[in-house]
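J.: Start from chain C and add chain E according to the hints.
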Amino acid sequence: MTASRLALLSLLACSTGLSSIPVGAQESELFHEPFRLRTPSGFVEAGRGYAAPVLFDIDEDGDRDLIVGQFRSGYFRVFRNDGRAEEGLFNDHVLLETGSINLSAPVG
Amino acid sequence: MDVYGNRHPDLFSGSYMGESIGMTPGYIYVWLGQGQGRFTEREIVRNGAGDPVQFSPASESRAFATEPHLVDWDSDGDLDLLIGNMTGDVGLFVNEGNRRQPAFAVEPVILVTGGQSPLVPTDMASPEAVDWNGDGRLDLVVGFEDGSVLFFGRAGEDGEVSLLAAEVLLPAPSGDYQVIPAGAVPWRGSHARIHVTDFDGDGTLDLLVGDRLSLMTGRADLTEAEQQEFAHQAIAVRRAYRRIRELSRQRGELIESGSSRGEAMNRLMREYTAAIREFEEAKNAVGPLCTGTNSMTATGFVWVYIRR
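For the record, the sequence lines run as chains C and E.
Note that the numbering used here has the first sequence beginning at 1, numbered continuously upward.
Note that the numbering used here has the second sequence beginning at 1, numbered continuously upward.
For the record, the hints were derived by calculation from the structure and aren't laboratory data.
For every residue, glycine included, the Cβ atom is placed at its ideal position computed from N, Cα and C.
Treat the hints with care, as some may be off.
To be verified - Residues of chain C clear of chain E, computed beta-carbon distances all greater than 10 Å:
| no. | residue |
| --- | --- |
| 1 | 40 |
| 2 | 62 |
| 3 | 82 |
| 4 | 83 |
| 5 | 84 |
To be verified - Which chain C residues face chain E? A few, computed with CB under 8 Å, are given here:
| no. | residue |
| --- | --- |
| 6 | 35 |
| 7 | 36 |
| 8 | 43 |
| 9 | 48 |
| 10 | 49 |
| 11 | 52 |
| 12 | 60 |
| 13 | 63 |
| 14 | 68 |
| 15 | 74 |
Same shape as in the complex, but just chain C (with noise of 0.2 Å):
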């Protein structure tokens, strides 16, 4: 990271309160410092926010993927395990289907 960057995130930090919980630090000391979930593409992330996620071994290979519910059109995001989900990866996302149609929940 350039020392400019560096003092942008500063005077971000500073100006705006952010330094209360400032990017990348704890927020308890409870836990560790929290990450998020991975794909090979990117992140894992939910259309339009509100991500509700669930481990559950959805294909039944004895391992637990991560499904997550989501806002756009109530859909459930499939995220399969290959092996590394405790690095936090999951392979990239598949929409939830029955038949040929996606699993939704209103959404109104």
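T.: Frame of chain C, contents of chain E only:
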């Protein structure tokens, strides 16, 4: 978990609203498991009277934005239904049937702390009942709209709905509208949706927390002058957003106090309009300095908190 005795785990979900806005809010849905990741068509979860499980009256906001959690709360061998809702309540719909043929109660018993509900003065509860403190009894861990995650120990006997005072597991983050430089890591957003599980297999329970945030990320190729302008406008966005949140809170207090009309509300709404304008102006100013379409992208990540 297999709730209806078909020998495959079923999928449950709450909903924000129902099949039709204003008519059927916050139903609980189930997709019956068929094995190998296959499920049946969506069905509405019904109570012992054959009606959809829901908080009543259905016309009020407390029936919306439901999140279910199935657990044997009263230790009688069958699965009861805990549901968090829009107003921050957690309701217990006792299973009055049995393990294979559940019959959920028509009316919930609302979980209380200090005799009061909602558990805390914030909205959109995401509950899980787990033995968080290792005392052999189910406790309650709840995520809320402000992003906080709280722990409530059990008070009283099994089946009772009294909880001890909240203990903070994760404080509310700084807000879910973020303008960050290239290469920076966003902080966790709002609307904590939780899953309590032993993520790293060390025998202790950890937290998975889903969130919601709106994100603008600065371009990596900004000049020194553009970086200064980016910082200036990012600060303006943050300040305007915080002002909007504070004015929204004040507006809610005025409404609850019966002062939805009058000079105080008029003055507040003028300030609110001005804050919205400042927010939009700052976003428009910083937009060209950001990646993507110059607008905030709404998204949600899944954060992992490993217990020490």
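J.: Each hint: holds or not?
T.: Outcome of the hint check:
Look at residue 40 of chain C: its CB is around 16 Å from the nearest CB on chain E, clear of 10 Å, so calling it non-interface holds up. Here residue 62 of chain C stays apart from chain E, with its beta-carbon at least about 13 Å from theirs, past the 10 Å limit. Separation of residue 82 of chain C from chain E is adequate, the least Cβ-Cβ distance of about 15 Å exceeding the 10 Å criterion. At roughly 13 Å from the closest C-beta of chain E, the C-beta of residue 83 of chain C stays outside 10 Å, upholding its exclusion from the interface.
Listed as a non-interface residue, residue 84 of chain C keeps its Cβ farther than 10 Å from every Cβ of chain E; the least gap is roughly 13 Å. Taking 8 Å as the C-beta contact cut-off toward chain E, the hint placing residue 35 of chain C at the interface holds, the least distance being around 6 Å. Interface hint at residue 36 of chain C: satisfied, since its Cβ lies 5 Å from the closest Cβ of chain E, which is below the 8 Å cut-off. Checking residue 43 of chain C against chain E: minimum C-beta separation of about 6 Å stays under 8 Å; hint holds.
The beta carbon of residue 48 of chain C is positioned within 8 Å of a beta carbon in chain E (closest approach about 5 Å), and the interface hint is therefore held. For residue 49 of chain C, the shortest C-beta to C-beta distance to chain E is roughly 3 Å, which falls under 8 Å, so the interface hint holds. With 8 Å as the threshold, the beta carbon of residue 52 of chain C comes within range of chain E, its nearest partner Cβ sitting at about 4 Å, so the hint holds. For the restraint placing residue 60 of chain C at the interface with chain E, the shortest Cβ-Cβ distance is roughly 6 Å, inside the 8 Å limit, so the hint holds.
At about 11 Å, the closest approach between the beta carbon of residue 63 of chain C and any beta carbon in chain E exceeds 8 Å, and the interface hint on this residue is violated. Look at residue 68 of chain C: its Cβ gets to within about 6 Å of chain E, closer than 8 Å, so that hint holds up. Hint status for residue 74 of chain C: holds, given a least beta-carbon distance of 7 Å to chain E, under 8 Å.
Taken one by one, the earlier hints fail for this structure only at number 13.
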